[in-house]
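Residue numbers (my numbering), protein chains in the order written: chain A, 1 to 310; chain B, 1001 to 1285.
The set of hints was computed from the structure by calculation and includes no laboratory data. Each residue gets a CB set at the ideal place from its N, CA and C atoms; glycine is no exception. Do not take every clue at face value.
To be verified - Here are the computed lysine to aspartate or glutamate pairs in the DMTMM-like style, where the Cα-Cα straight-line distance is at most 25 Å:
#	chain 1	residue 1	chain 2	residue 2
1	B	1087	A	189
2	A	307	A	189
3	B	1087	A	191
4	A	185	B	1090
5	B	1283	A	191
Claimed, not checked - According to the in silico footprint, chain A covers these stretches of chain B (three or more CB under 8 Å from chain A):
#	stretch
6	1002-1009
7	1080-1091
8	1101-1114
9	1223-1235
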Amino acid sequence: MQILKSKYSLLIVVLSLAILVTVPLLFPGYKTSIATEILIFAILAMSIDILAGYTGRTPLCHGAIFGVATYVMLYYVTVMGGSPWVGVLFAVFASILVSIIFALLAIRTSGVYFILLTLALGMIVWGVCLRWTSVTGGENGLRGSVTPLWLQDKVTLYYFIASCFVVLVWMMWRFVNSPFGLTLKGIRDSESRMRTLGYNVPLHLFLGFVVSGFFAGVAGALYAFFNSFVSPSTVALAQSTEGLLMAIVGGAGTLFGGIIGAALVISLENIVSLYTERWLMVIGFMFIFMMIFAPSGVLGAVRNFIKSRQ
Amino acid sequence: MSMTIFQLLNGATFAALLFVVASGFTLIFGLMRIVNLAHGALYLFGGYLGLTISMMGGNFYVSAIGAAIGVALMGLIIDLGLLRFVKGNELRQVLLTLGVAFVLNDLALVLWGGDTYSIPVPSYLDGPFEMGDVTYPKYRLFVLLVGILIFIALWLLMAKTKLGALIRAGVDDSETVSAMGVDIRKIFIYTFMLGAALAGLGGVMGGAFLTLYPTADSEILVFSLAVVIIGGRGSLVGAAVGSILVAMLANFGQVWFPELAYFVIFGPMAVLLAFRPLGLFGKAS
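Can you make the complete structure from the sequences, with help from the hints?
See the structure below:
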């Protein structure tokens, strides 16, 4: 059984890579850009899943961590005239810094309080971006291309993001399956037992949060290449919510669910926006629907099905 | 000197508004363990409903009461129509109310558009009030008065009535209360409607001096969250103390560091969480 499973997973990995490579051929033109966007948000969704699914702490601040990287990237490159690659370093560094501050406060709480606190923390970032006009441009945001010349072609950008994506997904997969990741799972299932076993629970939560923030920050920095524009809506609650929705639609605690969730949510967004501007309402209804009827998401349902067969 | 008094009054009147909104939030949170993230959207809806009623010719008080009743009914629909399907699962409840918040916010945008509105106040509340060398808008003093009256009314409700006693008992141990033959479900519904009504009332009160616009809901929500985190779940006194703290900080923050006003409410929240994760008046469940 175990061998069969690993054979299947090898097959799935090879198939996924093949799909990833052929996307620009299968979906030319603007659809390639949508695929690029899906990959970026899949990284964000998976970074959220590290906390929501594997650590049992549902964050509503990852849009802010993501957006801080985008802001720093655009500010450093377009306002200060720096190199985009140094910009990526600064952007990710800024996200890690924000994550450290958030983590120090948030790890003291769990359950609903964790959601509330991270929501409030994310809103503070949003408020600062909105009001600190001299740096962030207020509601107008920051605009300007940070993409080097050789990356400006849509297909090249896609392959660039896809390569980063593969590396990051591999890193996240290794992380959640490492002894450290398993400890996080243990904390999710029983915090008191892990403490009794001698694990330093707060330290693990802190590091888990910061690692998750690191990946969200990388996604945010990549987003700057893709979008060339950032405004308070990039760090708003809606962004955090959309990322969480992707993780939940795909299935919290499955990591790869984030990819499926991002693909579904962003494809839907693009289809829906052809007909109506009421995208936020659609997100709202999706959340209500998921919570009432399908809280375990797509991959969660598949996993439950496989478990029930065994 | 008069400037300081002016700012103190600004803080106090904002605190009164915050208390009205956050007390509803903390009641629902305390008794039902439901974090209603749609509370801000209910506030906004209350404001817009009041606006519509006053545009149809209703006076200020009719608008306020109409909005409170309308939003209480919305609360009833949310509770009976949606929340009961995810009963007992905190995480799903919170995320469901988040979905509701998005739907309501977008619905408000469809119904009332993205312009900024202000609810008209009665003429005798319009204009400034002179106290020695301080002149201050009459309406904001009225808000302060209403906030204090609502605090007293809620305190009497909780301390002196049977419903209040049942709510308090439910906050401490809802299982035992229902085991003693009380229909806790009914108490839950009443509380949810009362909490929603307070949000709706707050919408009208705030809509007259802070104006109504599409992102007003998330702004009031984050203030309410800060109040409840600081004050502690389900505590009226906590909500009052939290409101005063948050409002004063937000107000003086806006004066001293206008660009970082949001940051200033974050400081005390952080310090408090470091020492009292359940808030000043919060009890462990």
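Hint check results:
Straight-line distance between C-alpha atoms of residue 1087 of chain B and residue 189 of chain A comes to about 21 Å, which keeps the hinted pair within the 25 Å bound. Restraint check: the Cα-Cα separation between residue 307 of chain A and residue 189 of chain A comes to about 18 Å, which is no more than 25 Å; the hinted pair holds. Note on residue 1087 of chain B and residue 191 of chain A: the hinted pairing holds, with a Cα-Cα distance of about 24 Å set against a maximum of 25 Å. The straight-line distance between the Cα atoms of residue 185 of chain A and residue 1090 of chain B is roughly 19 Å, inside the 25 Å bound, and the hint therefore holds.
With a C-alpha separation of about 20 Å, the suggested pair residue 1283 of chain B and residue 191 of chain A falls inside the 25 Å cut-off, and the hint holds. A stretch counts as covered by a chain when three or more of its residues have a beta carbon under 8 Å from one of that chain; for the stretch 1002-1009 of chain B and chain A the count is 0, and the coverage is violated. Coverage of the stretch 1080-1091 of chain B by chain A holds. Counting CB-CB distances below 8 Å, 6 residues qualify, and the rule asks for three or more. For the stretch 1101-1114 of chain B, the stated coverage by chain A is satisfied: 8 residues place a CB nearer than 8 Å to a CB of that chain, which reaches the threshold of 3.
Judged by the Cβ-Cβ criterion of 8 Å, the stretch 1223-1235 of chain B is covered by chain A as claimed, because 4 of its residues qualify and three suffice.
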